[in-house]
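*Asks:* Each chain, written out:
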Amino acid sequence: MADPDARPALPSGIVAFVKRDCPTCVLIAPVLEQLGGKLDLTVYTQDDIDFPKGVDRVDDTSLEMSWHHEIEAVPTLLRVENGRESARVLGWHRADWEGITGVNGLGKKLPDSRPGCGSLSVDPTRVPELRVRFSRGKLRSRRVEIAALEDPIEAIYDRGWSDGLPVVPPTEDRALAMLEGTSRSADEVVAVVPPDLVECTVEKIAINAVMAGCKPEYLPVVIAAVEAACTDEFNIHGVIATTMGVGPVVIVNGPIRRAIGMNTGINALGQGNRPNSTIGRALQLVIRNVGGGRPGEVDRATFGNPGKLGFCFAEDEETSPWTPLSTDLGMEAGQNTVTLFAGEGPRNIVDQLSREPESLARTLAVNLRSLHHPKLVMAFDCLLVVSPEHARVFAEAGWSKRHLVEHLEEYLQISGEELVRGAGGIAEGLPESVRNATLPKFRPGGILVACCGGSAGLFSVMIGGWLTGATGSQPVIQEVRR
Amino acid sequence: MSEAASRVFLDPTSERRPAVRGRVPRLDSLRGRKLGLLDISKARGDVFLNRIEERLRERGAEVIRFRKPTFTKPAPVDLRHEIAVQCDAVVEALAD
Chain A
1 MADPDARPAL PSGIVAFVKR DCPTCVLIAP VLEQLGGKLD LTVYTQDDID
51 FPKGVDRVDD TSLEMSWHHE IEAVPTLLRV ENGRESARVL GWHRADWEGI
101 TGVNGLGKKL PDSRPGCGSL SVDPTRVPEL RVRFSRGKLR SRRVEIAALE
151 DPIEAIYDRG WSDGLPVVPP TEDRALAMLE GTSRSADEVV AVVPPDLVEC
201 TVEKIAINAV MAGCKPEYLP VVIAAVEAAC TDEFNIHGVI ATTMGVGPVV
251 IVNGPIRRAI GMNTGINALG QGNRPNSTIG RALQLVIRNV GGGRPGEVDR
301 ATFGNPGKLG FCFAEDEETS PWTPLSTDLG MEAGQNTVTL FAGEGPRNIV
351 DQLSREPESL ARTLAVNLRS LHHPKLVMAF DCLLVVSPEH ARVFAEAGWS
401 KRHLVEHLEE YLQISGEELV RGAGGIAEGL PESVRNATLP KFRPGGILVA
451 CCGGSAGLFS VMIGGWLTGA TGSQPVIQEV RR
Chain B
1 MSEAASRVFL DPTSERRPAV RGRVPRLDSL RGRKLGLLDI SKARGDVFLN
51 RIEERLRERG AEVIRFRKPT FTKPAPVDLR HEIAVQCDAV VEALAD
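For the protein sequence lines, the chains are A and B, in the order given.
Reminder that position 201 of the first sequence reads as 201 in our numbering, one-by-one numbering, no gaps.
Reminder that position 51 of the second sequence reads as 51 in our numbering, one-by-one numbering, no gaps.
No lab work stands behind these hints: they were computed from the structure.
Among the hints, erroneous ones may be present.
Unchecked claim - To give a feel for the contact side, a few chain A residues facing chain B, derived at Cβ under 8 Å:
1) P30
2) R142
3) E145
4) D163
5) L165
6) T171
7) E172
8) A177
9) K204
10) I207
11) L285
12) G296
13) E297
14) S354
Note that the structure is predicted; figures quoted are calculated from it, not measured.
Using N, Cα and C, we set each Cβ at its ideal position, and we do this for glycine too.
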């Protein structure tokens, strides 16, 4: 996108953009000659400085004016008053041309109208180079030149910018193309990224999104994920620093899931889909490169988990019988959102026999009880991902999501006798003072439920959280803004 | 994209560290230091290095000799590692 303040000014009067390679431009060349004698006319020619004859031409074979004034087709006729464009006509339409110029009787022998051709400045084979030539100034990041004999991928490893997998080299043209994915300004500060508390611009996110393998249309999702991660509630600093093996899990809701081609079906939490695989990775690269959160430094995870390379998935809102996670967390239906959850890797729950909702809910509960430790309660949230086949058991019995969660809460009331230190011959547990109490496994609101996955498989998945509450991490939902 | 443009990257980091890795400081003295002499296996490189070794020993340095399998390829990783852990400095000899 051209920056309106930085672009070269247009001359006042009538301004035309043409190229010889366009038959319509050739057709209307006599009209330009006719106009040239009557008014203040400037003709920019994109491909041949000798075309069109009979008028004063300005060489725009560099396409600089065409680029900056966002010429999409030729011929384009502009009216410019006091340096500002006040009217624009694309192609040849006699009435429009007469209207914009105030001259009647134009091109009487020509057809009334004829569409134009694409401007050379929007030719897909030229755009990457033009974007770098004319827009590179908006990129503020330090340029790092690598030696001619350095392998680009190896050079990036050497500089410590990789998460361990090869990354896409973040060249100017790729970063500028990435920035086309958002309407936000490249220099807008999106968040302050822990642990180094660095102000992170849209540009830095775009660079890391390039490296992660994102396409430009994913960028708004990545930006929203960075915003959510860097809130006080989500507490990415703690999520990085903890010895527990959690990382930011990104759940995408809203029409943007489909628009960018996310997978919500078979292998929904796995590999093989570009946005699923790269959005979470881009967030983690921002944390690593901008925030300085690197394993062995501030990241002190004992084990970590493979999802720390990037863990992003989308809910199957179309198949789910329930409200999406986004509306459960207070967003409007149809809003594009990301939810961040500090989670470990997914753990499978098998139940292929339950056809009654109470039985299946008990299966889920008994598995959820084991999360992190069967004797530890109220310390961790849980993200429960229900498959279509399990969801159908609940839906056919008329259970809403709230209904399911209420049953889970009921089945996860645990006697203090089972929880105290020493119970079951296990030292881990709660203080003796809770022996006579009954405690829930999860705090109120601590069970989040989403639906996705392949249509076959009587399984669900639980993703254990990290310490919840004000000193830990709370799930954060963020609207995706274009 | 031109070849040159593909070799310019945008720094993805907070830019708090220098982009270019700094050089190891020069040795303040040769006496008692371990110096590697790397022969790249080109003709008469050994003649040159023999003389360098003589001069270095006169100045009190300990000299360890290394040899690349072939001048046509970079030194193997293991050889570079061996030099890095054994020596305080290295002299690499060309020839011809």
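*Asks:* For every hint, state whether the structure bears it out.
*Replies:* The hints, checked one at a time:
With its C-beta approaching chain B no nearer than about 40 Å, P30 (chain A) sits outside the 8 Å limit, and its interface hint is violated. Satisfaction of the interface hint for R142 (chain A) is found here, the shortest Cβ-Cβ separation to chain B being roughly 4 Å, below the 8 Å cut-off. The interface hint given for E145 (chain A) is met, as the beta carbon of that residue sits about 5 Å from the closest beta carbon of chain B, less than 8 Å. Interface hint at D163 (chain A): violated, since its Cβ lies 11 Å from the closest Cβ of chain B, which is beyond the 8 Å cut-off.
Of the supplied interface hints, the one on L165 (chain A) is violated, with its beta-carbon coming no nearer than about 15 Å to a beta-carbon of chain B, more than 8 Å. The restraint placing T171 (chain A) at the interface with chain B holds, with a minimum CB-CB distance near 6 Å, inside the 8 Å limit. At its closest, the beta carbon of E172 (chain A) sits 6 Å from a beta carbon of chain B; the interface hint therefore holds under the 8 Å criterion. Taking 8 Å as the C-beta cut-off, the interface hint given for A177 (chain A) is violated, the closest approach to chain B being about 11 Å.
Residue-level restraint check for K204 (chain A) holds (minimum Cβ-Cβ distance to chain B is 7 Å; threshold 8 Å). Here the hint on I207 (chain A) is kept, as its CB sits about 5 Å from the closest CB of chain B, short of 8 Å. Restraint check, L285 (chain A) versus chain B: the minimum CB separation of about 7 Å is within 8 Å; hint holds. At its closest, the beta carbon of G296 (chain A) sits 16 Å from a beta carbon of chain B; the interface hint therefore is violated under the 8 Å criterion.
For E297 (chain A), the shortest C-beta to C-beta distance to chain B is roughly 13 Å, which exceeds 8 Å, and the interface hint is violated. For S354 (chain A), the interface hint is violated, the least distance from its beta-carbon to any beta-carbon of chain B being 48 Å, above 8 Å.
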